[in-house]
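Colleague: Each chain is listed here by its residues.
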Amino acid sequence: MTTVKRWAALVAALLATGALIATAPADDERADSVVARALDGRQLRIMAPAAPGGGWDQTSREMQAALRDLVGRSEVYNVGGAGGTIGLSQFVRLDGDPSQLMTTGLIMIGAIETNNSPHSLAETVPLARLTTDYQVVVAAANSPLKDMEAAAQALRGNLSAVSISGGSAGGVEQILAGLMAKAVGADPSKVSYVAHSGGGEALTTLLSGRSTLGISGVSEVMPQIRAGQVRALAVSSPERLPALPDVPTLREAGLDVELQNWRGVVAPKGITPDQERALEQLLLDMTRTTEWQEALADRGWGDATLAGPEFEEFVRTEQTRVAQILKEIGLGRS
Amino acid sequence: MTTDTNEQATAPPEPETDPACDRRTALSSLIFGGLMLVAGPVMVVDARGLPDDGSAMGPAATPFALGVLLGITGLWLLLRSWRELRAATRGTPLRDYAVLRVTALAAALVAFALLLPVIGYVLGSAALFVGTALLLGGPHGWRLYASGWALAAFTFVIFDRVIGLTLPTGPWGF
Amino acid sequence: MDQIGLLLDGFVGALTPAHLLWALIGVTIGTAVGVLPGIGPALTVALLLPITFRLEASSALILFAGIYYGGMYGGSTTSILLNTPGESASIIAAIEGNKMARAGRAASALATAAIGSFVAGTIGTVGLTFLAPAVAGFATSFGPPEYVALMAVAFTTVSALLGPNLLKGLAGLLVGVTVGLIGIDSQSGQPRLVFGVESLLDGIDVVIVVVALFALGETFARVMTGIGRSTVQPLRGRAVLSRSDLRRSWPAWLRGTALGFPIGSLPAGGAEIPTFLSYTVEKRLSRHRHEFGRGAIEGVAGPEAANNAAAAGVLVPLLTIGLPTSATAAVILTAFQSYGLQPGPALFEESGPLVWTLIASLYVGNVMLLVLNLPLAKVWARLLTIPPYAIYAAVLMFAALGAYAAGGTASDLIVLCVLGLVGLLMREAGIPPAPAVVGLILGPLAEQQLRRALILSEGDPAILVSGPITVVLWAAAVLSLLVPVVLPIVRRRRGTLAGAAAGSGRSGERG
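Chains as they are written, first to last, in our numbering: chain A, 9 to 342; chain B, 443 to 616; chain C, -4 to 506.
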């Protein structure tokens, strides 16, 4: 018995070392593809700059699944918080490593402005836009505001009496609220915006009857719209959405506003043009896989594939527009 | 009568030392009160730097009020511990080099944080285990090293290899 | 009721050998991650999502449900044995549970936690089965003013946690609220108390603070004073749970469940608040009040039941209205969606059999956890016979792993280390860590809800007492302030009987 005890630690150490070696991941990279050469044979690592469960986390993990047949094993890791700016500041340090990707989107552009982040997306190489999720303006089912015209009238009349619940400060919902206020000729800084840590929480404030309007991603609030718990007043897309054919766009309702919560992928600065092209091609190939198309359908995301210089240009215009409206709301850089 | 007089006591009597008379407790309270007294004004200054967002209760309201409260409570604690300190008995003596040992443990943690990406999780954690155990007065010997290594390696296998949580690795892959 | 028929169909689906195996794997993984501070069910389910793409929907959901319930169980084990809560909802169990463990009653504490979790989990699941629509209606009636009132109730009742020295308890509470304010303010997007440190922008994870104050504080203290002899008493008694333990536990389990399930179903309720409330209720109602703070079994039974009932409550808004109200729920929602299912009002109609299989597997998982944990209580309790230097070295190692996993950067470890030193100072100064954790959780919630309410009303404070729920809650808050003042007066009037009872209680302790 005592002999067993004396040697237990050593036996455990040996067993554990054996397990370490036995479970070491096998190298299954496809040696001769363009992508493999661009990656220098390294495994692809995707940073989701948010906690598990959010939009970036979901996008990254769907990418991971869709990329399996193209590049084999890849890895997703989360760096939580502050609208993705914490993740961004870590990502910009990965200079010139083509095996590192980060999911990004409109929310990060907003957070960079709101948080006075020292870094921006200009310090990364934008590869491709992948998905989009339009916003929908909703009211509680028993609200006196029956349509967007009535809501716009209320906004015009006494802006600060119309409380709008939505996600985090400086996020897509608040940007849209500011744009709507501006479109009716009011001061965006006077919007009574009630920020929440997530879409679900924001919705409960609306359902409890305490806030006048709510703004949420279409895919997020779809079940409640279908069940009749909330009424969809308008969508932020340029044209009506197939999922909500009866709901007018904001533009139809007389508000010249259009906003999409797009998500895309960036690589670190310093990668070679060849590597950049290979990664862009990889992402384009990924968007054509059945896994990816199924994921879009399941999540209710719109396909917004855009790569190359067009995407870089798009990121630049979004930056200017978002910085402008956030400044007018009173959240931007001072 | 509902109280069961024969019921087994659930806890042994705590050692009968009045903490108020212990020198170490009083001194620690004094330091804690002092820290609170410093933190209060710092919070107030930080709150003053926040912009007003135009709502009834802006982002500065709570930190401002809390800073004031923190300062007052800190001062109160400081004064009371000062009085206690003068009336205090010697209290339990500290172990030799106590402060040095605490500093060493803190340094070990910081070193672990900085070395983690270089030497990997398993080696780093095993070293942290052994270091802490030695600082706590554990016996030297190969068994300590073996158990540290075993624990770190098993943790790595379960969380990195099985569950898929990415832990930092050294050049040798774990 | 046709729910029973549907549930039976669900059991037929859940009781296949393959599903039982998935449930077993789920609860085992869940217990493992629950034990480790910083790694919770949310992160685990997210990490396992890609693996489960190859599984059919019902197997995957059963696995996740097992992880979720298992995580709630596992957290209390380390709380009780090592004074290191595995997740924030097990903090209260550490207060009395660890005292019990030190007095040689670890097995009883673990058993009352395990059975309490089982009872609460089962009743919670029954509630989920039959009351879900009603509870969801109650949950959505809570807006910011209602939450402010609920926070007021929570704050007025936490006095039970402040400890014997009111000034020091208050100091702990204030420090907790202060730490809770660190990070980006969610209403204005402004960083507060960050001082330019980037890793503080997102605030400090509650679990990191808890691990630092409890586990690291204790490790530092032991390094400083020397361990000497183990402070843990050997195991006493043969029965895991004696008759008197059982008699004292079961009302606490039921009361904890009654608090946990409805508050857990609130979108911003969480699992922590009902544990605070349950502890206070047990302390107030107990005939063994002198034991509180020294290892009262009710103080473990009630909060543990509350914590697990709340875990079931969280699933109510998720399944009935599609609202994810906790990180884990959000990740489970993701899992639902990856199978093309949309939780919400139509879920039961569109994919009824699957949902009923999931609910049935929650019952199965609960039974499985009890069967696993009850016989193991004595085995776990033996862990305490490992030399303290090894225990604390391992605790430190796991705390470091948890801190790293939560944030993924070295700076989180440095935050952990600094807070550990604060924990040491608090311990030396006799400032209890529990109020700090209470402040950390309740403070920011109360502030955000209050500010939301005031934005909604354009600054009119009358909104705080608008609506019947707020009025009831404020009345409860006032009552809980008055009762401790009034009750002793009433007791004194009752005369000698009460005095005799208290006296005999004290003599029993000596005997």
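FYI, nobody ran anything at the bench for these hints, they're computed from the structure.
Some hints could be false.
What the hints assert, rightly or not - So the derived label-pair ranges between C-beta atoms look like this: (1) C:R487 / B:R525: 30 to 40 Å; (2) B:V541 / A:P126: 55 to 65 Å; (3) A:G278 / C:G191: 54 to 64 Å; (4) A:E336 / B:V541: 48 to 58 Å; (5) C:L371 / B:V541: 55 to 65 Å; (6) C:R284 / B:W614: 50 to 60 Å; (7) A:H127 / C:A471: 43 to 53 Å; (8) B:D494 / C:S406: 24 to 34 Å; (9) A:Q332 / B:A498: 38 to 48 Å; (10) C:L482 / B:R525: 55 to 65 Å; (11) B:I600 / A:Q301: 51 to 61 Å; (12) C:R487 / B:I473: 36 to 46 Å; (13) A:D254 / C:P456: 36 to 46 Å; (14) B:A529 / C:V473: 36 to 46 Å.
For glycine and all other residues, C-beta sits at the position ideal for the given N, C-alpha and C.
Colleague: Going through the earlier hints one by one, which of them does the structure break, listed in rising order?
Modeller: Result: hints 2, 3, 5, 9, 10 and 11 break, sorted rising.
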